[in-house]
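Peer 1: Given these sequences and hints, build the entire structure.
Just so we're aligned, residue 1 is where the sequence shown starts under our numbering, counting upward by one.
Don't read these hints as lab results, they were simulated from the structure.
In this text, a Cβ means the ideal position worked out from N, Cα and C, and glycines have one as well.
Computed Cβ-Cβ distance ranges for the label pairs, DEER-style:
1. Val42 to Val70: 34 to 40 angstroms
2. Val100 to Asp50: 35 to 41 angstroms
3. Thr49 to Gln119: 36 to 42 angstroms
4. Asp18 to Ser132: 23 to 29 angstroms
5. His106 to Asp53: 30 to 36 angstroms
6. Pro44 to Gln119: 30 to 36 angstroms
7. Ala48 to Pro73: 42 to 48 angstroms
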Amino acid sequence: MTDGARGAQNAGFDDWLDAAEEASGYYLECPNGHGSLPPRRVCPDCGATDLADAPLPETGAVETFTITHVPTPAFEDDAPYATAIAEFGPVRLTGQVVGVDPGDVHSGLEVELEIAVSQTTGDRVLGFAPVSG
Numbered sequence: 001m002t003d004g005a006r007g008a009q010n011a012g013f014d015d016w017l018d019a020a021e022e023a024s025g026y027y028l029e030c031p032n033g034h035g036s037l038p039p040r041r042v043c044p045d046c047g048a049t050d051l052a053d054a055p056l057p058e059t060g061a062v063e064t065f066t067i068t069h070v071p072t073p074a075f076e077d078d079a080p081y082a083t084a085i086a087e088f089g090p091v092r093l094t095g096q097v098v099g100v101d102p103g104d105v106h107s108g109l110e111v112e113l114e115i116a117v118s119q120t121t122g123d124r125v126l127g128f129a130p131v132s133g
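Peer 2: Structure (C-alpha cells):
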C-alpha cells in the first residue's frame, strides 16, 4: 500500500487517535442514538447522514476476548497476548489488552483506552489497559 493510499484509508481515524491520546475520545452519533467510529459519513445501523461528535466514555468493559498463544511469525515475540472487544457506551472497540497478564483478562474487566505504537508496523494502535482500582 502506498503512503498516499494509506493516508486516504486512515483519514479521520488518525484524528480520532489524536483525540483519544489527549483523553478527548469521541464517537459519531446519529439522531437515532447509534454510535460508530470515524471515518464514517453514514450511520451503519440506520443510514442516517446527520452524524455528530459525542464524548466517548473514559472507561469500558471487556465483552469478549481471546488469548493468542501461537501467533504469526511477526508477532511471536509478543505471545501470549490477549485481544479483546470492549464496550465503551454505544460503541465497541477491538484492541490488545496491555499491562496485565493475559490469564487475568476476563469478561467484564474495566478498561481504559491505551494508544501505543506497534513494534511490528510502526503504526499507532488501539489497546486497553485495566483501570487501576
